[in-house]
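**Q** Now for the letters of each chain:
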Amino acid sequence: MARNHRRKAKQVGLPPGTLVHVGEKKAEQVRITVIDYDAAAIQRKTVSQTKQCLPFKETATVTWINIDGLHDVKVVEDIGRLFDLHPLILEDILHTNQRPKIENHERHLFVVMRMIRFDDETGRILSEQFSMVLGEHYLITFQECVGDVFEPIRQRLGDPQSRLRKNGPDYLLYRLMDSLVDHYFVVLEKVGDRIEALQEEVARDPAEGTLQNIHRMRREMISFRRAVWPVRDLISSLQRQETPLLSEAYQVFFNDLYDHIVRVVDTTESYREMISGMLDLYMSSISNKMNAVMKVLTIIATIFIPLTFIAGVYGMNFDTMPELHWRWGYATIWGIMGAVFIAMLFYFKRKKWL
Amino acid sequence: MARNHRRKAKQVGLPPGTLVHVGEKKAEQVRITVIDYDAAAIQRKTVSQTKQCLPFKETATVTWINIDGLHDVKVVEDIGRLFDLHPLILEDILHTNQRPKIENHERHLFVVMRMIRFDDETGRILSEQFSMVLGEHYLITFQECVGDVFEPIRQRLGDPQSRLRKNGPDYLLYRLMDSLVDHYFVVLEKVGDRIEALQEEVARDPAEGTLQNIHRMRREMISFRRAVWPVRDLISSLQRQETPLLSEAYQVFFNDLYDHIVRVVDTTESYREMISGMLDLYMSSISNKMNAVMKVLTIIATIFIPLTFIAGVYGMNFDTMPELHWRWGYATIWGIMGAVFIAMLFYFKRKKWL
Amino acid sequence: MARNHRRKAKQVGLPPGTLVHVGEKKAEQVRITVIDYDAAAIQRKTVSQTKQCLPFKETATVTWINIDGLHDVKVVEDIGRLFDLHPLILEDILHTNQRPKIENHERHLFVVMRMIRFDDETGRILSEQFSMVLGEHYLITFQECVGDVFEPIRQRLGDPQSRLRKNGPDYLLYRLMDSLVDHYFVVLEKVGDRIEALQEEVARDPAEGTLQNIHRMRREMISFRRAVWPVRDLISSLQRQETPLLSEAYQVFFNDLYDHIVRVVDTTESYREMISGMLDLYMSSISNKMNAVMKVLTIIATIFIPLTFIAGVYGMNFDTMPELHWRWGYATIWGIMGAVFIAMLFYFKRKKWL
Amino acid sequence: MARNHRRKAKQVGLPPGTLVHVGEKKAEQVRITVIDYDAAAIQRKTVSQTKQCLPFKETATVTWINIDGLHDVKVVEDIGRLFDLHPLILEDILHTNQRPKIENHERHLFVVMRMIRFDDETGRILSEQFSMVLGEHYLITFQECVGDVFEPIRQRLGDPQSRLRKNGPDYLLYRLMDSLVDHYFVVLEKVGDRIEALQEEVARDPAEGTLQNIHRMRREMISFRRAVWPVRDLISSLQRQETPLLSEAYQVFFNDLYDHIVRVVDTTESYREMISGMLDLYMSSISNKMNAVMKVLTIIATIFIPLTFIAGVYGMNFDTMPELHWRWGYATIWGIMGAVFIAMLFYFKRKKWL
Amino acid sequence: MARNHRRKAKQVGLPPGTLVHVGEKKAEQVRITVIDYDAAAIQRKTVSQTKQCLPFKETATVTWINIDGLHDVKVVEDIGRLFDLHPLILEDILHTNQRPKIENHERHLFVVMRMIRFDDETGRILSEQFSMVLGEHYLITFQECVGDVFEPIRQRLGDPQSRLRKNGPDYLLYRLMDSLVDHYFVVLEKVGDRIEALQEEVARDPAEGTLQNIHRMRREMISFRRAVWPVRDLISSLQRQETPLLSEAYQVFFNDLYDHIVRVVDTTESYREMISGMLDLYMSSISNKMNAVMKVLTIIATIFIPLTFIAGVYGMNFDTMPELHWRWGYATIWGIMGAVFIAMLFYFKRKKWL
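Protein chains in written order, with the working numbering: chain A, 156 to 509; chain B, 156 to 509; chain C, 156 to 509; chain D, 156 to 509; chain E, 156 to 509.
Just so you know, the hints here were simulated from the structure itself, not pulled from any lab data. One thing to keep in mind: the hints can contain errors.
Said to hold, decoys possible - 16 Å max Cα-Cα, derived EDC-like pairs, lysine to aspartate or glutamate:
1) E:K345 - E:D435
2) C:K256 - B:D414
3) E:K212 - E:D193
4) A:K506 - B:D360
5) A:K507 - B:D414
6) B:K229 - B:D239
7) B:K256 - A:D193
8) E:K256 - D:D421
9) E:K444 - A:E363
10) D:K444 - D:D360
11) B:K444 - B:E363
12) D:K345 - D:E276
13) C:K507 - D:E356
14) A:K321 - A:D474
15) C:K212 - C:D239
16) A:K321 - A:D411
17) D:K506 - E:D360
18) B:K212 - B:D239
19) B:K507 - C:E363
20) B:K507 - C:D360
21) D:K504 - E:D193
What the hints assert, rightly or not - If we take Cβ atoms under 10 Å as the criterion, some of the chain C residues that face chain B in the derived model are:
22) V228
23) V230
24) K256
25) H260
26) Y469
27) E478
28) H480
The beta-carbon is built from N, C-alpha and C at its ideal position, and this holds for glycine as well.
Produce the entire structure from the sequences given, and follow the hints as far as they go.
**A** Listed below in structure tokens is the structure:
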């Protein structure tokens with residue numbers, strides 16, 4: 156997360172709207188995919204030059220232009236010029252550390268969210284910026300790398316009966332946002348599994364690695380929360396946008412989306428609380444263990460130190476030590492030591508240390 | 156609680172309104188019960204087919220249709236079609252992890268709450284989703300499993316003098332919500348008992364299990380709070396709904412209900428504070444105990460280690476050790492050891508360790 | 156406090172407005188006292204039957220009817236019927252675990268607060284529900300047990316010159332509320348004394364009981380806060396009530412009352428902070444003490460364990476141990492031990508442990 | 156601070172507006188000082204009787220009447236009658252534990268703040284109530300004891316060119332409030348110095364007194380905060396008062412004052428955070444120290460306990476112990492003990508305890 | 156940070172608007188730089204006398220007057236008189252401990268922010284006050300010392316094609332503010348690096364210096380937060396200012412700036428959380444280490460103390476100790492000691508201490 160603001164420094168002092176890519180280069184090559192459809196027909200192609208997108212701009216059909224990879228500033232700049240996007244939109248697309256937000260630029264609605272996925276192999280949460288520009292007949296989306304969570308939507312588009320095919324780009328926007336939010340649940344589910352596993356571990360037998368894991372999870376939740384928390388305001392503000400680009404008819408869907416994101420935020424907060432509870436539990440466990448260690452030490456030392464003292468006394472070499480010459484001296488001393496031993500045991504029993 | 160969002164993942168990418176049951180299958184078979192009444196008469200029956208509900212739809216009498224068990228998507232779908240419910244209502248009914256909420260769909264008012272009960276046998280809090288759809292002449296309710304908290308209401312319905320019989324489905328809705336909230340008090344009462352018991356335990360003699368119990372209770376309160384907290388907004392929003400489905404006359408009852416839920420939330424917060432106080436107390440107790448253990452160890456060791464040293468000295472085998480040959484050497488050494496012993500005791504006394 | 160919601164469970168499922176007493180039976184017998192006055196005359200009597208109150212209902216004189224003891228539901232029901240109170244008012248009066256609140260029922264203004272007193276004998280905070288119903292010419296008050304904080308007001312009523320005698324029941328209501336809030340200060344004063352005493356104790360010489368006391372006080376403050384916090388909103392809302400029952404002229408008094416309750420809340424918060432500061436201090440004290448104990452142990456053990464080792468070496472029985480036969484062997488060994496001893500002392504001095 | 160609410164108890168039950176002094180008697184004798192001025196002339200005198208103030212009441216010149224000492228209720232009462240102050244104003248003046256506040260009584264504006272000074276000798280924060288009543292041509296101020304922070308203002312009044320002389324009592328009110336707030340900065344400066352000194356102490360070498368000092372400072376900041384926090388609202392509300400007593404022209408000055416108090420509040424919050432950070436640091440230091448102590452003990456004990464055991468073995472008196480009679484037995488045993496010693500050192504080195 | 160309010164004390168009691176420099180003298184000599192430009196031409200000069208600025212006041216070209224160094228009150232006073240600034244503006248410029256804020260003085264817009272830089276050499280955060288006064292054709296800026304973050308802007312001004320040259324002083328104001336906020340990101344980046352390094356250190360091998368570093372960073376973040384937090388409100392309020400000095404056209408830029416500062420605040424909060432997480436982790440590490448130390452001590456002591464006791468017993472000098480004369484006595488005793496040793500190891504193994 157500490158990397159979220161990186162490279163910003165590089166462009167300090169440049170005028171606003173200067174296009175510089177801020178973020179890691181995540182994709183090898185920029186890939187532009189165009190899907191153009193209406194209720195009757197659908198056409199998909201991968202174009203190699205940005206100007207190939209131009210024909211779709213003014214047609215009545217819905218056009219979804221998806222750009223994978225942002226390191227080639229030229230491509231974004233071209234798209235911007237072709238579709239007449241505001242320079243600040245382009246800047247925000249390229250600085251891949253935006254806070255989720257919505258901006259209403261009259262002819263365009265600009266939405267930034269984060270696409271969050273769980274990498275099962277490394278057990279890490281992957282997060283990339285996903286920017287959407289809604290125009291009258293088109294939706295342009297920008298992702299940092301190839302591979303996304305929208306495969307089911309692409310399949311549904313193939314079905315002429317699907318609601319997607321019968322509606323405009325604003326409905327497509329909703330469906331993409333819905334997919335993103337749905338994946339937040341998927342990530343939370345994985346996180347929930349890990350929390351449960353860790354809780355087991357803490358309660359049963361906490362290792363030192365456990366602590367590191369809890370803290371890593373805690374940091375990941377801080378970062379996850381930063382990505383989802385603003386989405387609530389985003390959707391709520393989107394519902395109130397006065398723009399012809401968004402059909403009133405979808406209000407109910409956005410209400411539903413709002414409910415989902417509220418639930419995501421709620422769950423995130425609960426997880427944060429549970430993680431912090433785990434830390435308390437861990438600390439208590441450590442204290443309990445230390446206490447147990449101390450008790451063992453104390454019992455052993457408290458029993459044997461006095462006994463050793465007694466033995467030491469009768470190991471002295473004074474000329475005159477009458478006890479040494481008593482007939483039952485040795486036996487008596489064993490008796491005394493036994494008595495001390497039993498008294499100690501009794502004492503610990505009463506103290507409930509045994 | 157970590158399970159609250161489960162299986163959501165399964166339906167990621169499906170279009171909104173696609174009906175898939177999300178949650179555990181809790182009931183063996185779906186059971187549909189219809190109670191149809193007005194001031195004059197009452198009729199109860201268990202129907203086996205959803206279409207048997209249709210005759211009750213438009214009659215002037217009040218009809219309460221209750222569905223137990225949600226795993227059979229078909230049934231919910233049929234009910235939805237018969238009563239013309241919005242697809243998103245049906246989706247929310249089937250995804251049994253909703254946040255309590257209210258939705259105004261013009262011809263229907265949709266309310267989701269959680270029915271929370273305390274299982275005396277396992278000492279666990281049971282929670283299931285309870286969805287209510289209020290129409291002009293009917294109220295349709297959906298629960299996840301057979302068995303609920305409404306038996307007293309069903310009995311009151313049998314009494315022709317009861318206010319229930321004289322009022323519409325909106326009053327029935329109020330009474331069901333009131334029953335749900337009343338049961339929150341019952342659960343809190345049980346939780347209160349357990350908190351008191353734990354407090355006793357912590358103050359008197361905390362075992363290691365105590366800590367686990369406090370933490371489990373803490374997690375349960377996090378989850379309980381998530382279920383009741385949104386109900387406050389729900390009721391407050393319900394009071395402001397502009398809908399002909401709700402009679403103005405019941406405003407005062409909903410005010411009362413609002414008071415109750417505020418009290419539930421208040422008590423929940425207090426319990427959370429008390430639980431967190433208990434954790435502090437537990438930690439302090441552990442520290443105190445460790446301190447006591449340390450003192451015992453220190454007293455014993457500090458007294459006997461010097462004495463053992465003295466004994467060790469006169470156990471040495473040097474040729475020339477004049478003390479060994481003194482007449483009162485042995486007695487003197489006992490005297491010295493006694494003096495050390497008493498000095499130590501005096502020191503500990505002054506330090507208030509004894 | 157955990158008892159606040161008790162017995163609610165008993166009446167779960169009953170229709171709203173059903174009258175059941177929820178709370179402990181605190182008084183032996185219900186006592187009804189009537190004080191009827193105007194500027195000219197005053198009349199006090201204790202009535203045995205509720206219907207004896209009826210003559211005072213419509214007279215132009217101010218009537219204060221006070222009921223001590225709520226276990227006899229019949230009495231409350233009768234009063235309710237005589238004065239035409241809303242069933243929900245009666246229900247709230249009987250459920251003695253209300254959150255402080257105000258309700259405007261057109262012809263009646265219903266105010267619930269808690270009467271809080273400090274029992275000097277047991278050192279405990281006593282709290283009971285005090286309900287007030289303001290009508291046009293009368294004020295009816297309900298308390299859980301005999302004995303209250305209004306004796307000075309009753310005395311003032313005897314003085315024909317007092318402002319009480321010249322004003323209506325709304326002024327009486329204000330004076331009763333003012334008395335209740337004044338007693339919150341009295342309780343806070345006692346709590347303040349105890350906090351100071353505990354602070355002394357913690358700083359000087361914390362015993363194990365100290366911790367229990369701090370935690371008990373903490374719980375009492377949680378409960379006290381629940382009783383006073385809502386009163387702020389109550390008074391603020393009372394100032395905005397649009398009702399002919401309250402004279403505009405008393406606005407300034409209610410402003411004053413509002414100031415008082417804000418101060419009560421402020422002080423409560425400060426006390427909570429101070430109590431939580433005391434817990435930190437206590438924990439630090441325990442740690443400091445443990446540290447001191449450890450140092451003593453370490454100093455003694457670290458000095459004598461090596462010395463005992465040396466003595467042990469020369470207690471060995473090897474045939475060939477030349478040192479044993481040196482002339483100054485014994486003296487030398489004492490010298491070495493003395494040197495070790497002094498080196499250790501020097502080391503501890505430098506470490507500032509001595 | 157716990158004393159803030161004292162003696163309130165004494166007047167419980169009295170009617171509002173009854174004048175009783177609540178607070179410590181801080182001054183020997185009440186002193187009344189009158190400064191009467193306009194642009195042309197200035198007149199100062201100390202009056203002995205309250206009625207001597209009357210002549211100044213209606214004159215067009217600005218009159219500042221300052222009363223030092225509140226224990227003589229009679230004086231305040233007289234002033235109240237002479238200037239026609241509302242009884243509740245007088246009550247608040249005498250109860251010297253008010254929360255800072257402003258009250259608009261049509262013909263008077265009543266402002267209560269606290270005058271806070273730092274006593275360099277005792278190192279304690281002194282706080283007294285300062286009440287101001289603004290009338291059309293006069294400002295009456297009440298302090299608990301002789302001596303205040305307004306000397307510079309009195310000097311400025313001597314200068315006919317000063318803005319004070321050219322403006323009305325509302326400007327004087329502003330200047331007094333400004334002086335009070337300026338002194339909050341002075342106190343914060345002293346507190347800041349002490350925080351820095353304590354931070355040094357905690358980081359370098361915390362003594363037990365350190366902890367007490369941190370906690371005392373913490374309590375003082377709680378109390379300081381209670382005195383300044385409400386002033387923010389006070390000034391903000393003062394800016395919105397609709398009263399002819401305050402000239403619109405001073406709006407910009409009050410804005411400035413608002414900025415100052417916001418900064419005071421900000422700094423107070425930062426100090427609170429820093430103090431709480433210091434407590435954490437202190438606790439960590441204690442833990443670190445305990446750890447260091449433990450290490451020393453463990454190193455010494457772990458090295459010498461096994462060695463002592465070895466020496467003990469060869470101090471046994473068995474008839475048959477072949478090693479005792481070996482030629483190099485004694486030397487060998489020294490070799491073994493040396494090896495153990497070195498192995499232990501090596502082990503601690505690897506564990507980084509040395 | 157504790158120094159933020161220093162020297163304020165010196166001017167306590169002076170009338171508002173009295174000009175006294177409050178802060179450290181940071182620059183040797185006051186330097187006044189004037190840049191006067193329009194789309195056609197640009198002129199830069201360093202003036203030695205304030206009155207040389209006057210000619211630029213009313214020209215239609217944009218004039219940026221920058222003053223480095225504030226200790227010479229005379230200069231600021233002169234500028235104030237020449238440009239007719241309100242005395243309170245001048246006072247705030249000289250008191251270099253202002254909270255970031257905006258003030259609308261009709262003919263001038265006054266903005267105070269803090270310029271924050273990271274000193275790579277000392278690893279410390281440097282902070283100075285930066286004041287801006289926007290007039291109709293000019294922008295006057297005041298810094299505490301020579302050297303700032305605006306070099307790139309000065310370079311852009313050299314380019315006739317740059318947007319700066321084509322716009323008014325309000326756009327220049329925006330660009331300066333943008334540069335300041337951009338530098339907050341730079342500082343956060345450095346802080347982020349240090350947090351990561353510290354996190355590594357804490358997880359791997361915390362030294363005592365680590366704790367000091369974490370706490371220093373924590374204090375620096377408290378202070379950083381105080382500098383940036385109010386900027387959010389400042390910009391938000393700036394967007395709502397009704398002033399002809401700010402062109403409506405730049406609204407979109409200020410929206411962008413607002414987004415940036417929200418991100419700065421967000422990141423600051425996250426860092427604070429991460430730092431506090433690090434403290435928890437540090438404390439847990441210390442506890443873990445102490446636990447490890449205790450275990451080593453306990454294992455060694457618990458094994459050897461009983462063995463030493465056994466050896467001590469057979470070192471006693473009683474006349475009658477049959478075991479000493481047994482043939483296999485010595486061997487047997489070794490056997491017993493071996494058995495105790497192994498039993499102990501087994502016990503620790505089971506306890507998972509080994």
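**Q** Which of the listed hints are not met by the structure?
**A** Result: hints 1, 5, 7, 14, 16, 21, 22 and 23 break, sorted rising.
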